[in-house]
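Using the sequences and the hints given, assemble the complete structure.
Residue numbers (our numbering), protein chains in the order written: chain W, 60 to 195; chain E, 60 to 436.
Hints listed in this document are in silico derivations from the structure and should not be mistaken for laboratory results. One or more of the hints may lead you astray.
Unchecked claim - Partial selection, computed: residues in chain E whose CB lies under 7 Å from chain W:
1. Gln-184
2. Asp-189
3. Asp-190
4. Val-192
5. Gly-194
6. Phe-196
7. Ala-200
8. Ala-203
9. Met-204
10. Gln-207
11. Arg-208
12. Ile-211
13. Trp-253
14. Val-254
15. Val-255
16. Glu-256
Said to hold, decoys possible - Derived CB-CB ranges, DEER-like:
17. Ala-250(E) - Ala-72(W): 44 to 50 Å
18. Thr-107(W) - Arg-324(E): 37 to 43 Å
19. Arg-240(E) - Thr-68(W): 46 to 52 Å
20. Gly-82(E) - Gln-180(W): 35 to 41 Å
21. Arg-119(W) - Asp-367(E): 33 to 39 Å
22. Asp-363(E) - Gly-81(W): 47 to 53 Å
23. Pro-73(W) - Trp-302(E): 18 to 24 Å
24. Cys-104(W) - Lys-358(E): 28 to 34 Å
25. Asp-363(E) - Val-112(W): 44 to 50 Å
Note that the structure is predicted; figures quoted are calculated from it, not measured. Ideal placement from N, C-alpha and C gives every residue a C-beta, glycine not left out.
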Amino acid sequence: MNKPLPVITPVSAPYWQSLEQGALSYLHCVCGHRWLPPRPQCPACLGTDWKWVRASGRARLISWVVYHTAYHEAFAAELPYNVALVELEEGPRLITNVIGCADGRGLTAGMAVELTVEYEQNVPLARFRVAGTVQK
Amino acid sequence: MNSLSGSAVIAGVGTTAFGKLPGRDTVSLNVEACRHALADARIEKSVIDAVFVKVPTSQREFMYGQKVCEALGIQPKIGGAWDQGGAANISLIAFAATAVATGQIKAALVCYADNPRTGNKQAYQRPCGDDAVYGWFSTAAGYAMIQQRHAIEYGDSTEALGAIAIACRRHGSGNPHAQLRLPLAMDQYLASPWVVEPLRRDDCCLVSDGGAAVVVMSAATARELGVEAPVPILGFGQCQTSWDLQLRPSLTSTCADISAKDAFRMAGLQPADIDVAQIYDCFTITVLMTLEDYGFCPKGRGRDFVADGQIEIGGRLPINTSGGLLSETGMPGLQLVIEGVRQMRGNARLQVKNARHCLVSNQGGTMHTHSTLILGQ
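Right, dumping it as structure tokens:
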């Protein structure tokens, strides 16, 4: 059973291309606002004068949950697994997984995490590891 | 106090049975609930010139409000369906009250029905867009994310969340119409299995089939028609976070405080004036945060407010006196308004003695939307 994959659109394609190159990119408007997920108008000024910027990959943990229920068959074998909300040091927040602690033990609020690109069915995903831990 | 306060009333209420209603479509459940509400108000269908419908959560249909009107045999001046999740019930009552007050309409039906229990539960288990590949699914998980952050910012509230579940389950246990009539003890709550940690099974509301409806008209129309037990609408408010979890500035403060402030200001009341409350309990964390955001206690002190039976019958502020979403029916919110009406009429099964003001909260999505209603006598 395959996991549901992201729907890559002309607007979001650069995000996924950036991950293929190992970097997480976000949108940065001339008004100063920075955002994810990709959308064609700046949600602050509604303008379209923005560019893609590569993030450092450093982020901090805002919150997380641990699934003990599989809402999709593809995740049944992974239980328990965590889903986390992280904030990039540049500002945008995103939903992700923190790797190396599937059951969430050891996670603490505000802890530093670092981008690790992992692939699911040939799609590059922006996962994070606890900062200072070694990538597998 | 605002001049609109008390100008509109809830003249009648009605529901279908709750629980499993196999083979019933949502339009017919709406019609059944509306028929009961009209009978309760003792008015003819011909008085109704507006039909405000909250869309069924489990299935979206084009022109759904018009389908309900057709089945009701009503050609309304104002009619349609509104998508705001669970906040829509009170929002629609507020729109109806405003339309009544401005003379646009004479009397409105506000109704909701759904059949996710025997029909399609997908709405509650859905993948969350492009984030589903990370395993991000379900309504419950969003509330779990909020609950975790609340514990981070304000400390652990596990036993307080248990106290909320225990209160709702106690109040629903004697309700013959309740879907889940099993009382709950703290040790059972703590042993309840994780769904999405830190959410336990007993933190989560029911999934239910059923319908509910209320009739809204002006106080003057109610007098003119001889409505027996009209319940005045003293105040209402709405406010929305609107944005998805990862985009909100804060996970632990919604816009519920603004919704409540508007409702209290309109009614000329304060939290201390509220005798009984029906607080939207899709998950126990929702109740804790709503009590805090409404000013019943300082932010982060909800755990003290709900302790020691203070939110149970006989306590300082009894909540969800017919069982709420956790016990009576998982219907998203209109049953709370109806129990508020019973409390103000003085004929609730667990009647709060001398209750003069009942507050009702509704909210939708993952705390995306919020609405507040204050009823009087």
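Cross-check of the supplied hints:
At about 5 Å, the closest approach between the beta carbon of Gln-184(E) and any beta carbon in chain W falls short of 7 Å, and the interface hint on this residue holds. Against a cut-off of 7 Å between C-beta atoms, the interface hint on Asp-189(E) holds, since the closest Cβ of chain W lies about 4 Å away. Checking Asp-190(E) against chain W: minimum C-beta separation of about 4 Å stays under 7 Å; hint holds. A least Cβ separation of about 5 Å between Val-192(E) and chain W falls short of the 7 Å threshold, and the interface hint therefore holds.
With a least beta-carbon distance of about 5 Å to chain W, the hint placing Gly-194(E) at the interface is held under the 7 Å criterion. Look at Phe-196(E): its Cβ gets to within about 4 Å of chain W, closer than 7 Å, so that hint holds up. Given hint, Ala-200(E) at the interface with chain W, holds; its Cβ is 5 Å from that chain's nearest Cβ, closer than 7 Å. Because the beta carbon of Ala-203(E) sits about 4 Å from the nearest beta carbon in chain W, less than 7 Å, this interface hint is met.
Among the interface hints, the one on Met-204(E) holds; its C-beta lies about 5 Å from the nearest C-beta in chain W, closer than the 7 Å criterion. At its closest, the beta carbon of Gln-207(E) sits 5 Å from a beta carbon of chain W; the interface hint therefore holds under the 7 Å criterion. Among the interface hints, the one on Arg-208(E) holds; its C-beta lies about 4 Å from the nearest C-beta in chain W, closer than the 7 Å criterion. Proximity of Ile-211(E) to chain W holds as hinted, the smallest CB-CB distance being about 4 Å (cut-off 7 Å).
At about 4 Å, the closest approach between the beta carbon of Trp-253(E) and any beta carbon in chain W falls short of 7 Å, and the interface hint on this residue holds. Using the Cβ-Cβ criterion of 7 Å, the hint placing Val-254(E) at the interface with chain W is satisfied: the shortest such distance is roughly 5 Å. Restraint check, Val-255(E) versus chain W: the minimum CB separation of about 5 Å is within 7 Å; hint holds. Against a cut-off of 7 Å between C-beta atoms, the interface hint on Glu-256(E) holds, since the closest Cβ of chain W lies about 4 Å away.
A beta carbon spacing of about 48 Å between Ala-250(E) and Ala-72(W) agrees with the range 44 to 50 Å that was offered as a hint. Between Thr-107(W) and Arg-324(E), the C-beta spacing of about 40 Å keeps the proposed range 37 to 43 Å intact. The hinted window of 46 to 52 Å between Arg-240(E) and Thr-68(W) holds, with their beta carbons roughly 49 Å apart. Range check, Gly-82(E) to Gln-180(W): about 39 Å between beta-carbon atoms, so the 35 to 41 Å window is met.
Distance hint for Arg-119(W) and Asp-367(E): a CB-CB separation of about 37 Å, consistent with the stated range 33 to 39 Å. Between Asp-363(E) and Gly-81(W) the beta carbons are some 49 Å apart, a value that agrees with the proposed interval 47 to 53 Å. Separated by about 23 Å at the C-beta atoms, Pro-73(W) and Trp-302(E) satisfy the suggested range of 18 to 24 Å. The hinted window of 28 to 34 Å between Cys-104(W) and Lys-358(E) holds, with their beta carbons roughly 31 Å apart.
At roughly 46 Å, the beta-carbon separation of Asp-363(E) and Val-112(W) lies within the given 44 to 50 Å, and the hint holds.
Of the numbered hints given earlier, the model fails none.
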